[in-house]
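What follows is each chain in one-letter form.
Number of protein chains: 2
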Amino acid sequence: MQRRRFLKSAGLGAAGVAAAPFISTASAQQTITWDMVTSWPKNFPALGTGANDFAARIERLSGGRMKIRVHGAGELVPALEVFDAVGEGTAEMGHSASYYWRGKTLAAQFFTAVPFGMTTTETNAWLYYGGGHELWDEVYAQFNLKPFPVGNTGTQMAGWFKKEIHSLEDMQGLKLRLPGLAGEAMNGIGVTTMNIPGSEIFTSLQTGVLDAADWVGPYNDLAFGLHQVANYYYTSAWNEPSAIIEATVNLDAWNALPDDLKAVVSEAAMASNLAMISEFALRNAEALETLVNEHGVELRRFPDDVLKALYVSSQQVLERQVAADEISRRVYDSYTAFQRKVQRFTEVGEFAYLKTREKVGA
Amino acid sequence: MQRRRFLKSAGLGAAGVAAAPFISTASAQQTITWDMVTSWPKNFPALGTGANDFAARIERLSGGRMKIRVHGAGELVPALEVFDAVGEGTAEMGHSASYYWRGKTLAAQFFTAVPFGMTTTETNAWLYYGGGHELWDEVYAQFNLKPFPVGNTGTQMAGWFKKEIHSLEDMQGLKLRLPGLAGEAMNGIGVTTMNIPGSEIFTSLQTGVLDAADWVGPYNDLAFGLHQVANYYYTSAWNEPSAIIEATVNLDAWNALPDDLKAVVSEAAMASNLAMISEFALRNAEALETLVNEHGVELRRFPDDVLKALYVSSQQVLERQVAADEISRRVYDSYTAFQRKVQRFTEVGEFAYLKTREKVGA
Numbered sequence: 001m002q003r004r005r006f007l008k009s010a011g012l013g014a015a016g017v018a019a020a021p022f023i024s025t026a027s028a029q030q031t032i033t034w035d036m037v038t039s040w041p042k043n044f045p046a047l048g049t050g051a052n053d054f055a056a057r058i059e060r061l062s063g064g065r066m067k068i069r070v071h072g073a074g075e076l077v078p079a080l081e082v083f084d085a086v087g088e089g090t091a092e093m094g095h096s097a098s099y100y101w102r103g104k105t106l107a108a109q110f111f112t113a114v115p116f117g118m119t120t121t122e123t124n125a126w127l128y129y130g131g132g133h134e135l136w137d138e139v140y141a142q143f144n145l146k147p148f149p150v151g152n153t154g155t156q157m158a159g160w161f162k163k164e165i166h167s168l169e170d171m172q173g174l175k176l177r178l179p180g181l182a183g184e185a186m187n188g189i190g191v192t193t194m195n196i197p198g199s200e201i202f203t204s205l206q207t208g209v210l211d212a213a214d215w216v217g218p219y220n221d222l223a224f225g226l227h228q229v230a231n232y233y234y235t236s237a238w239n240e241p242s243a244i245i246e247a248t249v250n251l252d253a254w255n256a257l258p259d260d261l262k263a264v265v266s267e268a269a270m271a272s273n274l275a276m277i278s279e280f281a282l283r284n285a286e287a288l289e290t291l292v293n294e295h296g297v298e299l300r301r302f303p304d305d306v307l308k309a310l311y312v313s314s315q316q317v318l319e320r321q322v323a324a325d326e327i328s329r330r331v332y333d334s335y336t337a338f339q340r341k342v343q344r345f346t347e348v349g350e351f352a353y354l355k356t357r358e359k360v361g362a
Numbered sequence: 001m002q003r004r005r006f007l008k009s010a011g012l013g014a015a016g017v018a019a020a021p022f023i024s025t026a027s028a029q030q031t032i033t034w035d036m037v038t039s040w041p042k043n044f045p046a047l048g049t050g051a052n053d054f055a056a057r058i059e060r061l062s063g064g065r066m067k068i069r070v071h072g073a074g075e076l077v078p079a080l081e082v083f084d085a086v087g088e089g090t091a092e093m094g095h096s097a098s099y100y101w102r103g104k105t106l107a108a109q110f111f112t113a114v115p116f117g118m119t120t121t122e123t124n125a126w127l128y129y130g131g132g133h134e135l136w137d138e139v140y141a142q143f144n145l146k147p148f149p150v151g152n153t154g155t156q157m158a159g160w161f162k163k164e165i166h167s168l169e170d171m172q173g174l175k176l177r178l179p180g181l182a183g184e185a186m187n188g189i190g191v192t193t194m195n196i197p198g199s200e201i202f203t204s205l206q207t208g209v210l211d212a213a214d215w216v217g218p219y220n221d222l223a224f225g226l227h228q229v230a231n232y233y234y235t236s237a238w239n240e241p242s243a244i245i246e247a248t249v250n251l252d253a254w255n256a257l258p259d260d261l262k263a264v265v266s267e268a269a270m271a272s273n274l275a276m277i278s279e280f281a282l283r284n285a286e287a288l289e290t291l292v293n294e295h296g297v298e299l300r301r302f303p304d305d306v307l308k309a310l311y312v313s314s315q316q317v318l319e320r321q322v323a324a325d326e327i328s329r330r331v332y333d334s335y336t337a338f339q340r341k342v343q344r345f346t347e348v349g350e351f352a353y354l355k356t357r358e359k360v361g362a
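If you're matching them up, the sequences are chains A and B in order.
Oh and the first sequence: position 16 is 16 in UniProt numbering, straight run, nothing missing.
Oh and the second sequence: position 261 is 261 in UniProt numbering, straight run, nothing missing.
It cannot be assumed that every hint is accurate.
Dumping the calculated EDC-like pairs for lysine to aspartate or glutamate here, alpha-carbon to alpha-carbon at most 16 Å [to be verified]:
#: 1; chain 1: B; residue 1: Lys67; chain 2: A; residue 2: Asp260
#: 2; chain 1: B; residue 1: Lys359; chain 2: A; residue 2: Asp84
#: 3; chain 1: B; residue 1: Lys175; chain 2: B; residue 2: Asp211
#: 4; chain 1: B; residue 1: Lys341; chain 2: A; residue 2: Glu286
#: 5; chain 1: A; residue 1: Lys355; chain 2: B; residue 2: Glu358
#: 6; chain 1: B; residue 1: Lys355; chain 2: A; residue 2: Asp305
#: 7; chain 1: A; residue 1: Lys355; chain 2: B; residue 2: Asp304
#: 8; chain 1: A; residue 1: Lys104; chain 2: A; residue 2: Asp84
#: 9; chain 1: A; residue 1: Lys359; chain 2: B; residue 2: Asp304
#: 10; chain 1: B; residue 1: Lys262; chain 2: A; residue 2: Asp304
#: 11; chain 1: A; residue 1: Lys341; chain 2: B; residue 2: Glu289
#: 12; chain 1: B; residue 1: Lys341; chain 2: A; residue 2: Glu289
#: 13; chain 1: A; residue 1: Lys355; chain 2: B; residue 2: Glu347
#: 14; chain 1: B; residue 1: Lys355; chain 2: A; residue 2: Glu59
#: 15; chain 1: A; residue 1: Lys355; chain 2: B; residue 2: Glu319
#: 16; chain 1: B; residue 1: Lys341; chain 2: A; residue 2: Glu358
#: 17; chain 1: B; residue 1: Lys308; chain 2: A; residue 2: Asp305
#: 18; chain 1: A; residue 1: Lys359; chain 2: B; residue 2: Glu347
#: 19; chain 1: B; residue 1: Lys355; chain 2: A; residue 2: Asp304
#: 20; chain 1: B; residue 1: Lys104; chain 2: B; residue 2: Glu88
#: 21; chain 1: A; residue 1: Lys341; chain 2: B; residue 2: Glu59
#: 22; chain 1: A; residue 1: Lys262; chain 2: B; residue 2: Asp304
#: 23; chain 1: A; residue 1: Lys308; chain 2: B; residue 2: Glu358
#: 24; chain 1: A; residue 1: Lys359; chain 2: B; residue 2: Asp305
#: 25; chain 1: B; residue 1: Lys359; chain 2: A; residue 2: Asp304
For the record, the hints were derived by calculation from the structure and aren't laboratory data.
Owing to the predicted nature of the structure, the values given are computational and were not obtained by experimental measurement.
Sequences are here, hints too, so could you generate the full structure?
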């Protein structure tokens, strides 16, 4: 309906896309204003502020030639309509996470997180040097979108549990909030999963609709007050060892940008990616300290039998899903082949170092 | 001698710095050409190419208004004169590592690596969100320099050894190539250290001048062929759990830049930082595979007693060094306080996840 709205808001007038060669030279002195719709409440910690940060970088880098108006979820479009809104041109830009769009294309889920998959650094190596970004471009081009990684939450937590888990037996029939593919893997080991909005998690735990819930990590979880209704905080996120945050650009709007503004958007995305990774590392540490020291939260790890069962179940769910979808198969194969290669050095390098630090008490 | 050469090469004419307000508006249409001197051979894997990458990002982002001519070590100035050359204006920009400048200011060493210190992600959190960059600005302003992180090698290796190390006893009298602070920590446990240039490591190991040598990590070590003269490859780098690569800008040249080009340099630096981290993760993994599978290199870890002794010795060296130098004391205190805070979440998040991945055999 509003597919061509961006032509107007981009300040390009009636000439629009057809006149792109002219725009490339003339637009150096014009101001291009874009709307960015997001899946987060305005100024939501790290994610909403991450969208603001990305917009501010674009504006600074372009010397003010490009302005991005950031909209919280529900202001222009609802949280889960960002993908369609940007593809159709209702807004030129979106800020969200790709796994919300599994219903559009199964392959989307690999561009957020994969159970037992890659860490943040490994994931970025895949995106920037392992063909991951090119595959993402291909998947999203089907929907008139150009994607960018603009952040990463880092390793998330495995969720809040009202009772301790001592064995696989304790997971049977447990009512857990965990959406998507990871939820299906949990179903495979006997857990009942539900997908309810983040804003309803607190009440659902309180009233007993839920026994347990996964949200993000200490920083975002503390803001929701989940420690008040569940005391056991499980680490680490087998389901989200890292989670990419995405920006999307309407492909027509992207193609109409002059080369230097394409560079502005692309480099601002990369800087925002590192900024968010760094911010989460600090804020999660601060929030964890508050949760443990001030609120008496108990940290726990899943028993080995639960982890092993989840690994087997995850592989089955993943294999089943990609079997029937050619492009998902290619993305999954690229992802897993890259992980096998890259994680060998993580083990010898960073993992070995973290063991050393633990050993000496540093 | 050539302190003001940049005025000419910046294309700003005789007006120079004094006319900065004029430059800020007029330079939008001018081309600014800067020289970047580096401590690496031209196109040296990941480091020399990292300098090229940073220069290319600046050029793309500025729409060609800013050009950076990259010079390999020895072309304009020798590798270890980059710091002085940029401070004095012989070149506007440098690409190097801060620990080479410990002789100028002890505090410089903290902006590359600290023994038993922070991982790459933790270090970036300190730089961007923990006051680290501001402290670095302060330290370098004394030398007419503005610093930027433009890369990180990630966790390095602990070096190549001709014989296996079974205990602290085996380290006594060992002749090891390991420069700087880490070398001093090794001296503290009975090792004889020497600082010889990277290009002479191979021959020194071959002829027996050295029993062991630390260089960088698999990618750079493989290029030097060190596996041909020492078969035991020790992990992980207690001395360099991450190592920041720096860009420096002559402070007068920096102050003369218009705001949008300041943003260009600063954001390009951040994008380059993430690019180098990602590239090292992949290239080190590929090189490690080659070293182990094709060249039969044996991976080893130091015994616990060696690691514990190195930890104690490192703390002593660090405390002794900062005791007499006020600014080093402040940087060290900031660094260690931040590490204590941030590493708690690394342990609960990424470290716990890596243990999970190991446990399930992912």
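Distance restraint between Lys359 of chain A and Glu347 of chain B, which requires alpha-carbon spacing of 16 Å or less: Between Lys359 of chain A and Glu347 of chain B the Cα gap is close to 12 Å, so the pair holds against 16 Å.
Agreement of Lys308 of chain B and Asp305 of chain A with the hint, judged by alpha carbon distance not exceeding 16 Å: violated (33 Å)
Satisfaction of hint between Asp305 of chain A and Lys355 of chain B, Cα-Cα up to 16 Å: OK: Lys355 of chain B and Asp305 of chain A at ~14 Å, within 16 Å.
Restraint status (C-alpha distance of Lys341 of chain B to Glu358 of chain A at most 16 Å): holds (15 Å)
Hint consistency between Lys341 of chain B and Glu289 of chain A [alpha-carbon to alpha-carbon, up to 16 Å]: holds (8 Å)
Hinted pair Lys355 of chain A and Glu319 of chain B, Cα distance within 16 Å: Given pair Lys355 of chain A, Glu319 of chain B is violated - Cα atoms ~24 Å apart, limit 16 Å.
Hint consistency between Lys341 of chain A and Glu289 of chain B [alpha-carbon to alpha-carbon, up to 16 Å]: holds (8 Å)
Hinted pair Lys175 of chain B and Asp211 of chain B, Cα distance within 16 Å: holds (5 Å)
Distance restraint between Lys355 of chain A and Asp304 of chain B, which requires alpha-carbon spacing of 16 Å or less: holds (11 Å)
Lys104 of chain B paired with Glu88 of chain B [C-alpha distance capped at 16 Å]: holds (14 Å)
Given pair status - Asp260 of chain A, Lys67 of chain B, alpha carbons within 16 Å: holds (14 Å)
Proposed proximity, Asp84 of chain A with Lys104 of chain A (alpha carbon, max 16 Å): The hint holds at about 9 Å.
In summary, the numbered hints that this structure violates are 2, 10, 14, 15, 17, 21, 22.
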